[in-house]
Amino acid sequence: MRVEQISVFLENKAGRLSEVTRILSEAGVNIRALSLADTSDFGILRLIVNDNDKAKEALKRNGFTVGKTDVVAVEVGDHPGGLHKILDVLYQANVNVEYMYAFVQQSGNNAVIIFRFDNLEEAVKILTQNGIKVIDGSVLYGM
Amino acid sequence: MIYNMEYETMPREALEAIQFKRLQATLERVYAMVPFYRNKFHEAGITPSDVRALSDLHCLPFTTKQDLRDNYPYGMFAVPMDNVVRIHASSGTTGKPTVVGYTARDIETWAELMARALASGGASRGDIIHNAYGYGLFTGGLGVHYGAEKLGASVIPISGGNTKRQIMIMKDFRPTILTCTPSYALHLGEVAQEMGVDFQGLHFKSGVFGAEPWSEEMRQEIERKLHLSAVDIYGLSEVLGPGVAVECIDAKNGLHIAEDHFIAEIIDPETGEVLPNGKRGELVFTSITKEAFPIIRYRTRDISMLHREPCICGRTHVRMSRVTGRTDDMLIIRGVNVFPSQIESVLMEMEGVEPHYQLVVDRKDNLDLLTVRVEVGEHIFSDEVRMLQTLERKISKNIKEFLGVSAKVKLVEPKTIERSEGKAKRVIDNRVL
Ligand SMILES: [Zn+2]
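Protein chains in written order, with my numbering: chain A, 1 to 143; chain B, 1 to 433.
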């Protein structure tokens, strides 16, 4: 019930993000979701792609520092308060969200949100217990 | 004014006779008292009695910073600790400082040489000396302090920092002589301007500036902005502290070396060969009167040259030109000696941090700013911003603790630090001297 995410260290200067997307596109890797967290000095680009190994290999070959983290993809109901319900469940259970961002594709009519937790096992357990749908990586990469 | 007319204007012949006598006594003493020197002399196959003239000095082995480090902390002392009344230290290449000691007589000698230096810079009894060199392990503050008292001047032991308060004190206490690093002098000028205080309305006549390399252009800027006459002073704790050499306010063209206490040589830093007068090379000092911490042929790594032409001031002591650089990559940041290797050891001690780094030094508002660029490898990389920021802060904190200098840490992508012939360029010094 986990999704593999790759992250890339970027200096905060012009052209670095487009360099990453260029490398991935030349390697034939599709980007499924992307989020950039940045400070005044540096940024961390987080990516969900259709082929992690290929993406990692291409980026490393081009001198980027690449990391790998497990995240959780959660289906969010297409109705008011859908996301709130999820966050509330996590809050009540004292599960800390490190960060989150939206997945490009929808799952049917529902949106997909990527969550990064401190304690992934615990989070997945809480979510499923509360009837929230967690999407497995194998399904997600193909979406 | 010449503080010690007899010694400072002594005819060369008499001066050299004294130098030789004092050199012999020093050699006998280090041979007897310091195992390091005895072993070095044995290895070179010489004993003190083989030195029969001043010109034989070049047969003696050099002493390096590494030797001092190997004998940390007291191994180079030539007197029992009972006789040591003061200890100073300067930062070394690996974080361990270089420790030096002084007997009561050494302190007396140092005060005499600093009194000479201040007099050479225009001070005399009745002057008020605003001493903004740091007081502490660093020799600057206390060195000037004792010299000022010896001279009979009034010293304000203000030390470094709290610049606005310094300006207020300058207005109210009316000091006439300023002593600090040249970059701090310019900083004082700027802060005064911001506060609406004009140096022209203060009472300074001259300033004695040193502890870091500076240029003729910087001198002109200081003189213009601070409305005083600026002279250059040189010294290093391994040899004594400030007062080893100083410019005379009359000529302001080269620093007279106190030759009745030190013998200076210029060598080719590659071959160790002694170079003639007027040739640029590495400065080497031998102390000939020090008791607690005598030093034989110490390689300073400072680049200079010697001039023996007579000076208009009447002093007969040789002049060294302003130090123009270093033979190693040591940086002086806000008066603190920083070696890239020290930063490297800080990084190496932190788990996962790779020693791919670069030091960038800038000068903003006349204060030195050190930025340490560190390449982010996989071991320290995290997908969380918070983790990387914590790492930056931790490196910064360790550098501050280890080296006593504040640094901004900037994480950079791998392989972004310039490498020439596979060797990383460790230092970018953007300061314009
Ligand atoms: Zn002179």
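Please keep in mind that the hints were generated in silico from the structure rather than gathered at the bench. Treat the hints with care, as some may be off.
Cut-off 20 Å, straight-line C-alpha distance, at most; resulting in silico cross-link-like pairs (PhoX-like, lysine-lysine) [what the hints assert, rightly or not]: (1) Lys400(B) to Lys96(B); (2) Lys205(B) to Lys225(B); (3) Lys13(A) to Lys408(B); (4) Lys400(B) to Lys415(B); (5) Lys96(B) to Lys60(A); (6) Lys410(B) to Lys13(A); (7) Lys13(A) to Lys415(B).
Label pairs and their in silico Cβ distance ranges [stated by the list, open to error]: (8) Gln92(A) to Ser345(B): 44 to 50 Å; (9) Gln92(A) to Lys394(B): 33 to 39 Å; (10) Glu194(B) to Glu122(A): 52 to 58 Å.
Backbone N, C-alpha and C fix where the C-beta goes; we use that ideal spot for every residue, glycine too.
Quick rundown of the hints versus the structure:
| no. | hint | verdict |
| --- | --- | --- |
| 1 | Lys400(B) to Lys96(B) | 14 Å, holds |
| 2 | Lys205(B) to Lys225(B) | 13 Å, holds |
| 3 | Lys13(A) to Lys408(B) | 18 Å, holds |
| 4 | Lys400(B) to Lys415(B) | 26 Å, violated |
| 5 | Lys96(B) to Lys60(A) | 38 Å, violated |
| 6 | Lys410(B) to Lys13(A) | 13 Å, holds |
| 7 | Lys13(A) to Lys415(B) | 15 Å, holds |
| 8 | Gln92(A) to Ser345(B): 44 to 50 Å | 48 Å, holds |
| 9 | Gln92(A) to Lys394(B): 33 to 39 Å | 34 Å, holds |
| 10 | Glu194(B) to Glu122(A): 52 to 58 Å | 56 Å, holds |
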